[in-house]
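> For the sequence shown, the numbering used here begins at 2 and goes up steadily by one.
Hints were generated in silico from the structure; no laboratory data involved.
Incorrect hints may appear among the rest.
[What the hints assert, rightly or not] Distance condition first, Cα-Cα at most 30 Å in a straight line; then the derived DSBU-like pairs of lysine-lysine:
| # | residue 1 | residue 2 |
| --- | --- | --- |
| 1 | 159 | 215 |
| 2 | 50 | 61 |
| 3 | 221 | 193 |
[Unchecked claim] Derived CB-CB ranges, DEER-like:
| # | residue 1 | residue 2 | range |
| --- | --- | --- | --- |
| 4 | 34 | 60 | 21 to 29 Å |
| 5 | 15 | 37 | 44 to 52 Å |
| 6 | 39 | 202 | 34 to 42 Å |
| 7 | 58 | 162 | 49 to 57 Å |
| 8 | 57 | 201 | 16 to 24 Å |
| 9 | 128 | 149 | 22 to 30 Å |
| 10 | 201 | 133 | 20 to 28 Å |
| 11 | 45 | 23 | 31 to 39 Å |
| 12 | 192 | 149 | 16 to 24 Å |
Heads up, the beta-carbon is just placed ideally off N, CA and C, and yes, glycines get one too.
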Amino acid sequence: MFGLDPLNPLTALTEILLLLLLAAFVGWVLGRLLLNGRVSRLRQSIRQKEAELEACRQAKGLSPAVDKPASAPEPTLVIPAYVEADPLLPALNGDATPHPVADQPIPSVASAAPVPIMTTGAAGNSEAAVLNRIAARAHELNFDRIGRATAAEADDLKDIVGVGPFLERKLHSLGIYTFRQVANFTQEDIIKVNEIIEFFPGRIERDNWVGQAKSFHERKYGARS
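Start from the sequences, fold in the hints, and give me the full structure.
Quick look at the structure:
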């Protein structure tokens with residue numbers, strides 16, 4: 002059409018460059034259109050949010066401007082009324098001794114009633130009360146089945162995952178001191194212990210106290226003990 006030879010390498014390269022420039026220009030135009038559209042939508046959203054904020058302020062009776070503090074009223078100067086003095090009277094009477102001024106009684110301010118201090122927890126939920134409540138129910142466990150132990154024989158029950166210091170003290174109050182006792186728990190014992198120590202239902206099974214206790218007991222005392 003323009004007398005160009007499409008098989009000429011220079012002509013082909015020129016056409017490719019022109020096509021690339023055209024594609025770049027079209028892409029730039031499309032990008033600008035998309036960007037302008039997004040900017041327009043963002044501005045519209047901002048205006049909408051500002052309108053909602055203004056409506057909320059008006060609904061609450063607030064003013065967008067910061068209220069200036071009210072100025073204190075200016076003190077007024079009170080001028081006493083003029084009283085005409087009798088010129089025949091002396092400026093001072095014979096007794097120039099000043100009279101003592103009686104002390105005005107200071108009104109006593111009634112002492113405020115003491116405010117009761119609220120404790121963080123009721124006395125019945127203190128640690129001592131909880132441990133005593135648990136110890137009182139120790140007879141409900143079948144120690145003939147799980148075994149008996151004393152504090153002198155105590156293992157470190159905190160090695161069991163899920164047993165913390167306070168929970169260990171709860172178990173001690175119940176008479177459970179050793180891994181062997183925990184390893185001998187049956188399902189009935191687990192339910193009863195969980196109820197007495199006021200623990201989360203099913204937590205003993207999920208943490209596998211029995212299996213852990215058996216492992217710790219065998220590791221400490223041997224498999225035959």
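> Against this structure, judge whether each hint is valid.
Taking the hints in turn, this is what the structure says about them:
Between residue 159 and residue 215 the CA atoms are separated by roughly 14 Å; this keeps the pair inside 30 Å, and the hint holds. The hinted pair formed by residue 50 and residue 61 meets the criterion: a straight-line CA distance of about 17 Å does not exceed 30 Å. A distance of roughly 27 Å separates the Cα atoms of residue 221 and residue 193; the hinted pair therefore holds under the 30 Å criterion. The hint said 21 to 29 Å for the Cβ distance between residue 34 and residue 60, and at roughly 39 Å that hint is violated.
Distance hint check for residue 15 and residue 37: the Cβ-Cβ separation is about 33 Å, which falls outside the suggested range of 44 to 52 Å. Under the hint 34 to 42 Å, the C-beta atoms of residue 39 and residue 202, about 54 Å apart, miss the expected range. For residue 58 and residue 162, the hinted distance range of 49 to 57 Å is satisfied, since their beta carbons lie about 55 Å from each other. At about 44 Å, the beta-carbon gap between residue 57 and residue 201 misses the expected band of 16 to 24 Å.
Between residue 128 and residue 149, the C-beta spacing of about 25 Å keeps the proposed range 22 to 30 Å intact. The beta-carbon spacing between residue 201 and residue 133, approximately 22 Å, falls within the hinted interval of 20 to 28 Å. At roughly 33 Å, the beta-carbon separation of residue 45 and residue 23 lies within the given 31 to 39 Å, and the hint holds. The hint said 16 to 24 Å for the Cβ distance between residue 192 and residue 149, and at roughly 20 Å that hint holds.
Checked against the numbered hints given earlier, this structure breaks hints 4, 5, 6 and 8; the rest are met.
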